[in-house]
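Turn these sequences into a full structure, and let the hints steer you where they fit.
At position 54 of the sequence shown the residue is numbered 53 (numbering that gives the first Met the number 0), and the sequence of numbers has no breaks.
What the hints contain is simulated information worked out from the structure, not anything from laboratory work.
Some hints could be false.
Calculated lysine-lysine pairs in the DSS-like style (CA-CA distance at most 30 angstroms, straight line) [to be verified]: (1) K152 <-> K133; (2) K219 <-> K175; (3) K133 <-> K218; (4) K175 <-> K133.
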Amino acid sequence: MPNISFVKRVPGLLYGIVVGLLLGAAGFAGTLDGANFQWYYFLVQLLALGIGILHLWISPRFVPAVFAAFGMGLLGTLLVLLLGMAFTLILYQQLGYLAGRWPFVTSLLPFLIPFLVVQAYRYYRDIPLANYRKWYYPVNGDMPDLDLLDLSKILVIQFEFLKTPNDPNFTNFKAKAPVAMSLGDLFLVFINDYNERTPASPIQYTDLSGRPFGWVFTKKAAWWQRPVYLDPALDFNQNNLADNATIVAMRAE
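In structure tokens form, the structure reads like this:
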């Protein structure tokens, strides 16, 4: 019976070998002779960059566990690059070009660039603004008095949230928001209403010890933009929220 742990590693090993062979095939240009040798070097850099982009796109599908974290992803990408360089050097040795052409393998280094750029961007996106306020569910508090609000001006907004801290998928739900109501009060009303409607899968707003989670609200933006943090104590006009805005509610430490 085959070792189970080894069987689980087979897709990752095959993936690394295939991508390494692609890099080695690109490095074959180092065996070409001609007056345009420097252009070959530049061309292989572009090919390595393209393979790096392809690697960034398909690696989570074949080896998601390896590329879930930055450290393991960087290690896996480096190992694939080193494997590609090794294949290239073996090719040079077999064809008799190793002594004079081994520096050409440095043309494969741009393979790393897409991974590093995307990871740097993700870290940039995760940097919170210096000033943002958390909202806590008032476990022993009172509900806001809706009778005191001007209900003639209503916005339709969407909340995106995780029902539990370990929920893998976001839930999207529309809500009607009085313009003069604070964001925190609306989310309180929304949680209570949602949990009454769906008691089988409620929004968890306290931890196992009964302490309320802190929540941070951001306005959903395009993928290249940093999130805009919202103040739960301010109303919708003060937070510059318009009709059909999407608000992402995230638990925060």
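Pairwise hint evaluation, K133 against K152, where the allowed Cα distance is 30 angstroms at most = With Cα atoms ~26 angstroms apart, K152 and K133 stay inside 30 angstroms; holds.
Pair hint outcome, K133 versus K218 [Cα-Cα no greater than 30 angstroms] | holds (14 angstroms)
With a cut-off of 30 angstroms on the C-alpha distance, tell me whether K175 and K133 pass.
-> Distance of about 22 angstroms is within 30 angstroms: holds.
Given the proposed pairing of K219 with K175, does the C-alpha separation stay at or below 30 angstroms?
-> holds (17 angstroms)
The earlier numbered hints are all upheld by this structure, with none contradicted.
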